[in-house]
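K.L.:
Take these sequences, add in the hints, and give me the full structure.
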Amino acid sequence: MRSGVLLGVLSLLILGNDLVTGYKDSDFKKCSQSGFCRRGRDLASRAKQAGKNWKSPYSIVAPVTVNENGGAIFKAAVKSSLYPEINFSLDVRVHEDGVVRVRLDEVNGLKKRYDETASWTLISEPKISKQIKWEEGKISAHATYGEKGEFRVVVQYDPLKVTLFKEGKEQVVLNGQGLLHMEHFRTKDVEAASKETSVEGDAQAVVQASPPNPRAWFEGDMEDAWWEETWLSWTDTKPKGPESLSLDITFTNHGTVYGIPQHATRLALPSTTGDDPTFTDPYRLYNNDVFEYLSSHTASLYGSIPVMHAQSLDSTVGLYNAIASETWVDISHASEDSTETHWISESGILDLFLMPGPTPEQVFKQYAGLTGVTPLPTQWSLAYHQCRWNYVSSDDIRTVQKRFDEEDMPVDVFWLDIEYSEEHKYFIWDKKTFPDPVDMINDVAANGRKMVVIVDPHLKRTQDYPVYKQASEHGLLVRNKDNQEYEGWCWSGSSAWIDFFNPSSWVWWKILFKPYKLPGGQWSWTESTTAVHIWNDMNEPAVFNGPEITMPKDNIHYGGWEHRDVHNLNGLLYANQTFKAVAARTDPPQRPFVLTRSFFAGAQRFAAMWSGDNAATWEHMAVGVKIVLSNGIAGMTFAGADVGGFFGNPEPEMLVRWYQVGIFAPFLRAHAHIDTKRREPYLLDQPYKGIVKDTLRLRYSMLPIWYTAFREASVTGVPVLRPHYVMFPKDKKGYDIDDQYYISDSGLLVKPVTEKGATQASVYLAEDQVYYGYFTNRVHHGAASGKTITVAAELHQIPLLIRGGSIVPTRERPRRASSLMKLDPFTLRVALNKKGNARGELYLDDGESYHYQQGGFVWREFTAELSSQKQKTGQPFMKISSRDLASAKLSEAVQDISVSKYDPKNTYAKSIENVRVEKIVVLGLSKKPTSVKVEETGAELDWTYDVGVAADEKGKEGIASLLVIKDPKVPVAKDWSIVLA
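In terms of mature numbering (1 follows the signal peptide of the UniProt record, and there is no 0), the sequence shown is residues -22 to -1, 1 to 959.
All clues stand as given, with none of them false.
Quick list of in silico lysine-lysine cross-link-like pairs, DSSO-like style, CA-CA up to 30 Å: (1) Lys459 - Lys90; (2) Lys934 - Lys710; (3) Lys655 - Lys729.
If you anchor each label on the Cβ, the simulated ranges turn out as follows: (4) Ala762 - Asp253: 27 to 35 Å; (5) Ser313 - Phe753: 42 to 50 Å; (6) Ser313 - Ala959: 57 to 65 Å; (7) Thr256 - Ala959: 55 to 63 Å.
Hints were generated in silico from the structure; no laboratory data involved. Note that the Cβ used here is the ideal one computed from N, Cα and C, for glycine as well.
P.N.:
Structural data, given as structure tokens:
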């Protein structure tokens, strides 16, 4: 949702800004307005001015410990020449999968630095390699590993530097530029503290000159916002003093970097420093409620994932920086083949994971090994979701459902925004507008559909609200700097926030989601059913009268940690506990669906995300694609953007294009602001309504593709949407491409149209392979050096290609909801490659339960193979086959079980034993067959063959030959072969 219009009680707030006029830069800090970011950038500036004379003050001192307990662990004491009395500890370890973890912390300081980020985000403590051994030298220690010993991690003693090598080439260098600085804890000097700078707007006003500082060459000559910081009308007290962490990370031989979502910018991250930077402010990681964000900016949005990939022709390397405080990242493309980054965080320890790759798939696997994967979602959640702020009543929901059915448009989920609840007291229905919530939900469920309702984290502070009353009485709420219950303002008016860092809140939260009846059959005040799933919004957290529309940093969480330490974790914990609560309400358990606006590393295990409060502009449509791709790189692959734009009223052309973009995102939801005109797709005039109807039907026909793609993502961690560099990591021409992408390894290449008035689109083909138009069967030939082609893109046309060598399974029967498609037959599109071969996969299960974890699924491989033998007339020259892929891969893991437990005659397989393949379409067959038979029965099949159209002498692409096998009646869940002679 949004923090836009201030309804009712919110009009009483004095916010110091106008939230209804769109994004305002002045609502959010720039680096120059953030003390610790200024200090970090000033440090980098001093280092640059000093040039080769600059040397990091941090170095390793004896003794060192290597290969602790037989594992590849290097430990050492670290000192800074600035403060020789302060002690630091370094821990570098190599995991079994080759990931290198680097930890640096202050030892026996006056206070403890926050060191729990990794414990919230990792799925388990990584296993340390027992085979790899560290070797000590006089100036450094190193560990060598890899199948051929290609990787080496080196820790240099003085100055401290950590370098990861591959085949002798630097991949990642930590502190190579000497910008490492862990501000240690100290005692406040009242006199000196009074001489800090204060910041108002962009200007720095020095209250009083500070005394000379002998460490000024490194730290600067003044105490800048060490103990207190004022911004606009808010003052942030800092009782622990300065504790920021600065670190330079250089990708010496990698010229392109991706990741660190969420930002509205290009996929390949532009520069923020150096010569002629694209942006002048660093990328900010600080979860914010950003109202109608700009479509090209480094400002933080709703989620933060400190994960970065670096790409070169030689390798892909990644890093995960496990720190949850506000972080700024500067990027400088020092040369065409080198990238320098500078990470500046407000608090926390250095806890960095270097993922050596060397391929994109391996980096994804290594990151998944740390933070987990997206679990296999419910099938219905991959279908179409209809939402607005707000459907105003239970009858409104019924009417919307009726209109979808009258127009024969598919939809699976109806959503309710905040107005369903009584005075925004979540879990309690507004009985004036929703007098029969259970009946309403059941009416929706009767048509095979679900509902999602919003549950925001702010609780209305009133004793007649049981949720708040219980949370307050049990001490489960966030506290202010004076250790009193924190009061802020949000949709509920005066509000409090649950502290999900408190373990006592977890069991209590689960209880709230259990739908149950009171004695006598009356529903309790929770009034719901298990057909309702949950939308977590405003969980950055959004606080309307707080600094930057969020919670003060000096608030206190469980364990005594300040909010500044854990801010970016807040949304993760909220979604985590909601996911577990929704899962716990059913027995046997059903898969939950949770949508979250705020997120952090590891959130992919619990929730889908959407890109927040976008606007009905072509620019927002285009950048939404890039945001979804970027989130996928960082693990958050179940992602999408609001179709149509949350704000504004899109013209029909824009709305049509937005649906065409939306159906090729993992998460497909239309959503609109309360002040927008109704824009349900059935309200469109023709021809727009018909185009959108066909577009939605296309999504539904491809649900088997999406579900199969999510199965793979749930195992490997590779994102569902794959940018060009993931598919072709050695094609440098494609490193900047972020306006086209592949759907998993299905072979589908999508080029969304995001420009007004477009009639054609340019598509880049990276390989010497044939591609086919999905709708036209037009043949397009790529080239080994890359080639750009032009395809038709009139309003009713979607640029969609099938890569040669792919077999695409679809379900073509129009249905009003995905639940009604479970026994529908399949169509197989066989797109032959240049060698005349193709393959594809299909994964199926019941779509809602966890029975697949006990082997209740069907996983098939389809192949088309051209015989390598010289053929005589009447002899087989191609075989199209289906085999049980699970049984064929007994050594692999499927989901979180071993395939060795799999029985091809499992209960689910039996339930679909009559589901058949009703059509096979073969593109690019070199000659007309004389017969087409089912090998197992010898039955001759009904088929047609169209020779197609050859390319002309002017280079115009031709039309592929087309073999259509009509209703072969082969079962989808059993082995079979069709022979072409």
